[in-house]
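K.L.:
Read off the chains here:
There are 2 protein chains.
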Amino acid sequence: MMIFSSGLYVHKNMKSKILNYLKEKNDFVSGQDISRDLQVSRTAVWKYVKQLQAIGYDIEAVSRKGYRLIAQPDKLFPDLIQDRLGTKVFGKKIIYLESTNSTMNDATRLAIEGACEGTIVCAETQTDGRGRRGRNWVSTKGQGIYFSIVLRPHIPLSQAAALTLVFAVALSKAIRVTTGLEAVIKWPNDILISKKKVAGILMELSAETDHIHYIVVGIGLNVEGKAFFGLPQATSLEQQLGQGISRVQVFQEILRQAEEHYALFQKKGFAPIARIWREYSATLHQQVKITEARSTTEGIAIDIDDQGALLIQERSGRVVRKITGDVIHLR
Amino acid sequence: MMIFSSGLYVHKNMKSKILNYLKEKNDFVSGQDISRDLQVSRTAVWKYVKQLQAIGYDIEAVSRKGYRLIAQPDKLFPDLIQDRLGTKVFGKKIIYLESTNSTMNDATRLAIEGACEGTIVCAETQTDGRGRRGRNWVSTKGQGIYFSIVLRPHIPLSQAAALTLVFAVALSKAIRVTTGLEAVIKWPNDILISKKKVAGILMELSAETDHIHYIVVGIGLNVEGKAFFGLPQATSLEQQLGQGISRVQVFQEILRQAEEHYALFQKKGFAPIARIWREYSATLHQQVKITEARSTTEGIAIDIDDQGALLIQERSGRVVRKITGDVIHLR
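Residue numbers (this note's numbering), protein chains in the order written: chain C, 52 to 382; chain D, 52 to 382.
Rather than coming from a laboratory, the hints here were simulated on the basis of the structure.
We treat Cβ as the ideally placed atom computed from N, Cα and C, and that holds for glycine.
Hints may contain errors.
To be verified - Computed Cβ-Cβ distance ranges for the label pairs, DEER-style:
| # | chain 1 | residue 1 | chain 2 | residue 2 | range |
| --- | --- | --- | --- | --- | --- |
| 1 | D | 372 | C | 372 | 30 to 36 Å |
| 2 | C | 344 | D | 192 | 55 to 61 Å |
| 3 | D | 372 | C | 165 | 28 to 34 Å |
Claimed, not checked - Pairs of lysine-lysine residues, derived as DSSO-like cross-links and limited to a Cα-Cα distance of at most 30 Å, are as follows:
| # | chain 1 | residue 1 | chain 2 | residue 2 |
| --- | --- | --- | --- | --- |
| 4 | D | 98 | D | 144 |
| 5 | D | 192 | D | 144 |
| 6 | D | 318 | C | 340 |
| 7 | C | 318 | D | 192 |
| 8 | C | 319 | C | 126 |
| 9 | C | 319 | D | 144 |
| 10 | C | 340 | D | 340 |
| 11 | D | 247 | D | 101 |
| 12 | C | 76 | C | 139 |
| 13 | C | 98 | C | 139 |
| 14 | D | 101 | D | 139 |
| 15 | C | 192 | C | 116 |
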């Protein structure tokens, strides 16, 4: 476990081994024991413990008793995320960054370099976090879960847009499971609680006609924070719960739900996803106004089709299919 | 007009002006006249003429008579392509390269940097020309038309794959118009003449859920060449015609047809393109075998749907929809 000057976090090395050793023992262990069991010098043990303390691990060091792990830091460190995660692919490789411009950029670069499916880039903060269509996503340091995941699905290009809804369903369910809060989906890519935005989903892809090179899905979720000055439409899990919640726990559940629903989508198509989407949707059966660059559509959102497009029934009775646009829920 | 050491071709400068001047006069013109009309020194005129001769323009220089353009080089220089091209957008900007690894790479880089729709990169040869799914495309120097074009269509992602067929239709028609040869389309992206491959089309794109950032379409067309040793399935326009044909003329017609059919597709959807595709198709009504990574489908190709997918009727009567795969025409 190391944090390089670039902020890159690499796990599974000696520091990680020492940490796991302390976790397993869950009591004082002597430097001598660690040294013997992990085949590392006592001086090195001492050095690594100092480094762990420096990045936020509360490790007590008492002479003649040894070391004891008291508390883990409130960070999205890979070994915290991967501890009893239970996924097969998602999060098997996690790149952790204290700060980056956008995890979308990092994950895209990794995808181009051949990163395997499920590779994740997460960051404590983003200086240029992106929303849909180049909009900004505020990423307050240490308060949210900001990550991007590399996907390499075997689906036709025409089905790719529906992946946003697959992740919307998974993210809503993860929030519901971990908090009990009624997270709902505002088509196409926002997650709301009590009509306020708590999370957003972004998808970018590179493809040729009949082959998707890679897809990068990004998720931004506000976990901590009691007030959102200047962002009246925003909220956080903490604000809604009235108390804090472990970011690690929520992150893990997101990865589990995302992997499960992604597998379901690839195996059974969009239909089973659409069923859950309808259940979670804040948009369905609503009077909505959809604004695009050159047009506006108003009517009742009656359904989504098998490509994730929203079907709007206008007052005239005509049904219009919408792939894109900004949605206002009118009542 | 300059060729930098990188091979980059820039037009519309003094060299280009002198060339156009010579073209318009179509007879001997004195260095003095050129110097006066174009506001450039006679020494510079002489220097530019030498440069033009060096890149293949046959310009006669006779003392007391001046300069006369006898013949243009057999090159895909932008000013040759743009001369009476007549398109509105396609080819308004052309980057010409003597050699490159792949025009797809160059055009993609330009697209990322913000190149506008219709920007073209063409090359006399490609050292790493690409076909579908990372396969190789042989690009014999000076014998073909190898180019990529940047597109920024306002279409949903689910319609993007159909663009390959739009360009297949346009390319077939351009070949038919300029040569009279019966070019046909082998689904999804090959153009055949007399059952041999004369051209291929490649499409790559970058998008988010509801917005296409850019599409790059690449075309490789064998124009010259009388024999294709080691490539028994390949042919060229020259081989099929029994005589040579101007690459510039064919290139221009490709750009005109592509612009026209691309506009038609954006305005009226895939239906009018599908009608022409059916007329030009070598695949339709054929007994075909489609091989994919893990499966094989055999049956009669009965139609394409509105996303460009091929519909195969199996012996059992069941109709299977194919977005991808390698096609073998069985008889």
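K.L.:
Each of the hints needs a verdict: does it hold here or not?
P.N.:
Evaluated hints:
no.	hint	result
1	D:372 with C:372: 30 to 36 Å	violated (20 Å)
2	C:344 with D:192: 55 to 61 Å	violated (44 Å)
3	D:372 with C:165: 28 to 34 Å	holds (30 Å)
4	D:98 with D:144	holds (26 Å)
5	D:192 with D:144	holds (22 Å)
6	D:318 with C:340	holds (24 Å)
7	C:318 with D:192	violated (46 Å)
8	C:319 with C:126	violated (36 Å)
9	C:319 with D:144	violated (46 Å)
10	C:340 with D:340	violated (47 Å)
11	D:247 with D:101	violated (42 Å)
12	C:76 with C:139	holds (27 Å)
13	C:98 with C:139	violated (34 Å)
14	D:101 with D:139	violated (33 Å)
15	C:192 with C:116	violated (36 Å)
Checked against the numbered hints listed earlier, the structure breaks hints 1, 2, 7, 8, 9, 10, 11, 13, 14, 15; every other hint is satisfied.
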